[in-house]
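There are 2 protein chains.
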Amino acid sequence: MRCEFVAIGTELLLGQIVNSNAAWIGEKLALAGIDCVYHVTIGDNRQRMIDTIQQALDRSDAVIVSGGLGPTQDDITREVIAEVMGVGLTRDDEIAERIRDRFESRGRVMSDNNLRQADIPDGGAAIPQMPGTAPGLICPVGDKVIYAVPGVPFEMKMMVEECVIPDLQRRAGVTAVIKSRVLKTWGQSESGLDEMLTERMAHLDKTGRATIAFQASGIEGLKVRVTVKANSEEEATRILAEEEAEVRDVIGVYVFGTDDETMESVVLQLLRERHLTLAVAESVTGGMVAARLTSVPGSSDVLRGGIVAYASDVKFSLLDVPEGPVVTPDSARAMADGVRKILKADVGISTTGVAGPAEQEGQRAGTVHLGIAFGDLIEAQMTQLPGDRARVREYGVISLLNFLRLRLLGRDAHTPFSGGATR
Amino acid sequence: MRCEFVAIGTELLLGQIVNSNAAWIGEKLALAGIDCVYHVTIGDNRQRMIDTIQQALDRSDAVIVSGGLGPTQDDITREVIAEVMGVGLTRDDEIAERIRDRFESRGRVMSDNNLRQADIPDGGAAIPQMPGTAPGLICPVGDKVIYAVPGVPFEMKMMVEECVIPDLQRRAGVTAVIKSRVLKTWGQSESGLDEMLTERMAHLDKTGRATIAFQASGIEGLKVRVTVKANSEEEATRILAEEEAEVRDVIGVYVFGTDDETMESVVLQLLRERHLTLAVAESVTGGMVAARLTSVPGSSDVLRGGIVAYASDVKFSLLDVPEGPVVTPDSARAMADGVRKILKADVGISTTGVAGPAEQEGQRAGTVHLGIAFGDLIEAQMTQLPGDRARVREYGVISLLNFLRLRLLGRDAHTPFSGGATR
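For the protein sequence lines, the chains are D and Z, in the order given.
Start counting at 1 in the first sequence, then tack on 58, and there's your number in the working numbering.
Start counting at 1 in the second sequence, then tack on 58, and there's your number in the working numbering.
There may be inaccurate statements among the hints.
Chain copies aren't distinguished; within one or between two, either way the pair holds.
[To be verified] DSBU-like, lysine-lysine: derived pairs with alpha carbons at most 35 Å apart:
#1 Lys281 to Lys86
#2 Lys215 to Lys402
#3 Lys86 to Lys215
Hints listed in this document are in silico derivations from the structure and should not be mistaken for laboratory results.
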């Protein structure tokens, strides 16, 4: 079973929108065991839409088309699919009623144009899921199929996950159950993880029991995805658990979370379980550590707050940092200790360093000291971070949160960059 | 002159990377007056690469291929282009020397594989710009042309901007000078701006003097791009200045910056010119205002720092907020006044509100109070922001910075959402 993805939208060609739908659909299809070997983007142009969908149908078994399902005259995906199928369009009264209801339930007035959305190519059907006002389409063409979904990401995602992929798997005769787990890591490079897992990956290559893939995710660290294909839900679950354990045996020290967990959600949960509150003192990261922690709903039961001590004299006067150079382990320690006292928290953490582009206090951009004050333990860790100003700050944030995570777990900190802990 | 963009990379099909190169190239081509009507993504597969590049060449005048120029066996773009051209490959000694130099200058050892990158299809040439170790290619095919550039964004961008687009314009006989200016706005919806500019846009449609386009940019606000095409640099500059003035006459109150300026860079510059320092007190935005301000290099001469008062009692004890409900105008005012005192800044700004998903103090998610303390003026503004937790926080940040910007300019605040200022 081979599938193609066709995105319709002049705004994509003009670069006004990045085609992130293509990446999302590509990942979902791959995880579902469906090959997708072409992504094509075209504008709202009738002839090019016909040519492209026809070509996709000629060389593949299924086509997913996104966009062009709206109510305006520019939205011609319905008409184009009908033309490719060689059929007419018939208005579906039930769908028309659902569209009318959607507008009324939101207290909006519907213009008659919107009823064009209820026109279905003969022989096709509307996709049952309809989170917005644009219905999607399933249109069989001989033993092949065209799916049409809206370009709006949340509408597209619901239809693809709940309708298109199961339908593709049924058509492909995929009876295998595919399951995967993402292990999120921080503190080791991709080539480092690859080397550590070489033996296991070679074994899996031979047995076909599972696959291991790496995905660099910037400030989210490096993801390791373990995927298994099995004949039943139970078997897939069992093999996935076994393989996850194998991988963790080798690289477990770098794994901070799985699937939807983030470094911040994990750290907050560890603190919550220990009934500890947190305060943050930031210089080089300028509020980003606090911002990332407060992005998690419910973080207020753990995070007391933070102090962005950007000017040096704010560090001295408010956080009791000893006067002198501030890009130092001493300063990081004093900031962490100072902020937990002033904000009455159990644990204090801190950053001080040089984001760049210019050097500071004779230290080069990328030099960052991380501090933790937790009970009697007041320590600092130096790290030399790569990249531009934005990168250095982002890496500083996740490095600090990982440092705290490891301390809460009672383990030594590992960093992907140079540096070491000092007390 | 019609152009196509072909991206090579299995990682794009699998969704491991978002194809942001396509959007970037699409925007640059549009600005250069070159049509680009197809973006196609394929994997590192020889036959599909040949088919796709051949088809693009058949139906268009030029093809830009990105990716597959690296040194590994998977990187076959050079060979594929030679096959499409029906020619062989010849190693270019000068390019080979440059590749060797690049490695040596970075203190790295070059493996012989890397010299494959110096193989040029006969009749083609290397692109002069070479920021990395992978040379790009210009390969004429009859009166058409294939360009090959690396997939690495910064290498691709330099080659496209400095070589591919000028070459395309020369081939297309584009002698016109195209210039554009982006006006960045906050405080008005896209349909609102569209309505205000209807008359001017109709006039421009008739005269062809310039075009006006809108681009929603999330937390960066709404961009209005004015583009002119003229026969000379001087004429283009003059018309652009005139049209910018016309647009500003109508929507100027919403324009906070142009081109590379950001809300934070503009606010910092206004403060700097007035020799004012700033302090930030944040609750609902949890550090994001400070993080955004400190993302600008050199912000330390203006920004003293900030306090993230996430727990209510931190607001009371540290910022002297009166005890009681905290999602109130009084609280926003007290926070702004408190933080400028404690951090010894001239101006204090603040946020307090409900990010959601749950309501708080009986107020629904999206309710945000913004505070400013500046001289004798201590005021608050209420705004009801749309969207999920992340959106509410992001909109809160830019709303606060715009509120401060307008106060520094002595104007009333305009917000795109409901609400009003209270003193």
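To see whether the hints hold, each was checked on the structure:
{"no.": "1", "hint": "Lys281 to Lys86", "result": "both (16 Å within a copy, 33 Å between copies)"}
{"no.": "2", "hint": "Lys215 to Lys402", "result": "neither (44 Å within a copy, 50 Å between copies)"}
{"no.": "3", "hint": "Lys86 to Lys215", "result": "both (10 Å within a copy, 29 Å between copies)"}
Hint 2 alone, counting from the list given before, is not met by this structure.
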